[in-house]
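Take a look at the letters that make up each chain.
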Amino acid sequence: MIALVNAMHITASVFINDDESGLHHDYDVWLEKLAPHEPVSQYRHNVGEDNADAHMKRQIMGREVVVAITDGRLDFGTWERIFYGEFDGRRKKRVLVKIIGE
Amino acid sequence: MIALVNAMHITASVFINDDESGLHHDYDVWLEKLAPHEPVSQYRHNVGEDNADAHMKRQIMGREVVVAITDGRLDFGTWERIFYGEFDGRRKKRVLVKIIGE
Amino acid sequence: MIALVNAMHITASVFINDDESGLHHDYDVWLEKLAPHEPVSQYRHNVGEDNADAHMKRQIMGREVVVAITDGRLDFGTWERIFYGEFDGRRKKRVLVKIIGE
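Residue numbers (numbering that gives the first Met the number 0), protein chains in the order written: chain A, 0 to 101; chain B, 0 to 101; chain C, 0 to 101.
A portion of the hints provided could be inaccurate.
Note that the list lumps identical chains together, so a pair holds whenever it fits in one copy or between two copies.
What the hints assert, rightly or not - Taking lysine to aspartate or glutamate and the EDC-like style, the derived pairs with C-alpha atoms no more than 16 Å apart in a straight line are:
| hint | residue 1 | residue 2 |
| --- | --- | --- |
| 1 | 32 | 17 |
| 2 | 92 | 79 |
| 3 | 92 | 74 |
| 4 | 97 | 49 |
| 5 | 92 | 27 |
Read the hints as simulated data drawn from the structure, not as lab findings.
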């Protein structure tokens, strides 16, 4: 069996990494450097909403993960954990989880 | 059921994001900033063809997407659409689509 | 059938690209530019081990690939090959391979 877990929003990510708050802070700072929110005028997509940078950040972090399930459990390495990364922050958000195979 | 959709070329991407031309322009500009084509001499891979930057751009945007199928339809969030991103531009291109599960 | 191939370590990647040593050198240089190791003090995660940059590099290159299997073989484009990318370098490493479907 495998599990597909994906964001249903194009300014958000589902990714696998370490459950460590310092690292998550580092991701925020790093993503802001690679895809800065300001100046909002640098992006053509910024009409109506100023979230073009969130669409960039999500591409770096990824939309989805696919994880093996073995003996009824997510078959993870020691430090692997699934996270939902939100780069825009508006609206209610949904995650899709689908399990297939035998 | 899930659908796997992937590029079969290593300088191209299949990705999911918004169907909005301003955003696609923003991606072009942004990717060129993160992985510039020029100067071509900065990449060792640029022998024969000068497309090393396309191999970088493709890693940021991703090779493939895996999408849940529910009731016979791609189970998408409101704005999710699948795109083929071409960063080199030579040759005919192919996409692989595979559907598995019940 | 599809094959899932993923790193089980959060500072490593499984990715698909060209089997060309110049390109792999280019990836090293490029990733170091996007997520520099030094100065290690720039990352909060760098307590105990100084590998925060490896967690960034892995997000760009990706954790996993999902590949179609057709007639018993990986259904690859001409130049597609699977690689394990190691960005930290400590400890023994494991890769998970899971094949599902008919």
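Hint check results:
{"no.": "1", "hint": "32 / 17", "verdict": "neither (21 Å within a copy, 22 Å between copies)"}
{"no.": "2", "hint": "92 / 79", "verdict": "between (23 Å within a copy, 13 Å between copies)"}
{"no.": "3", "hint": "92 / 74", "verdict": "between (26 Å within a copy, 15 Å between copies)"}
{"no.": "4", "hint": "97 / 49", "verdict": "neither (32 Å within a copy, 36 Å between copies)"}
{"no.": "5", "hint": "92 / 27", "verdict": "neither (19 Å within a copy, 27 Å between copies)"}
When each numbered hint is compared with the structure, violations occur for hints 1, 4, 5.
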